[in-house]
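Engineer: Use the sequences and the hints to build the structure in full.
Spelled out from the first residue to the last, the chains are:
Number of protein chains: 2
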Amino acid sequence: MKAQVLVRLKPGVLDVQGKAVEHGLKSLGFNNVSDVRIGRLVEFEIESDSTEDARREVTEICEKLLANTIIENYEIRGLE
Amino acid sequence: MKAQVLVRLKPGVLDVQGKAVEHGLKSLGFNNVSDVRIGRLVEFEIESDSTEDARREVTEICEKLLANTIIENYEIRGLE
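Sequence lines, in order, name chains A and B.
For the first sequence, the numbering used here puts the final residue at 168, and the numbers step up evenly by one.
For the second sequence, the numbering used here puts the final residue at 168, and the numbers step up evenly by one.
Certain hints may be false.
Since the list can't tell identical chains apart, any single copy or any two copies may satisfy a pair.
[Unchecked claim] Straight-line distance between alpha carbons at most 27 angstroms, and here's what the computed DSS-like set of lysine-lysine pairs gives:
(1) Lys152 / Lys114
(2) Lys90 / Lys152
(3) Lys90 / Lys107
Read the hints as simulated data drawn from the structure, not as lab findings.
Structural biologist: Rendered as structure tokens:
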């Protein structure tokens, strides 16, 4: 089944990349844009007998490799 | 309103970062994972009078700054 993981910086953690994009947008004339935050999108195929097993395993994968849980949150989507 | 943009490498474009993550997962024992693709998640606040205006503007933002449309696709989500 297909797994989709969204990794975001925790609220309050300075998003340097987001600030750079926001600055770029303003200099292109998009002055109505604010609070730009950049995260990662990780998609993969996982073989598993059940959605529950897959979810448990994807959680482990996030904790061990995909997210730095000190500064990042992760959201697991689309296990079907 | 809140805009969410997902930027992905086009199918067929080699995803070096995805390959590295896949290799890392396999060496951690996750042998049931394949086709890892890494993309970007961009979230921001956009002030606009209507959803249609916002969508048009977010499309322009994607084309001009967020995505390299030669090798990347973008998906606009969640303008509400």
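Engineer: State for each hint whether it applies.
Structural biologist: Each hint, compared with the structure:
1. Lys152 / Lys114: Between copies only: 12 angstroms across, 37 angstroms inside.
2. Lys90 / Lys152: Result: close within a single copy only, 19 angstroms intra versus 30 angstroms inter.
3. Lys90 / Lys107: between (32 angstroms within a copy, 17 angstroms between copies)
Comparing the model with each earlier hint shows no violations; every hint is respected.
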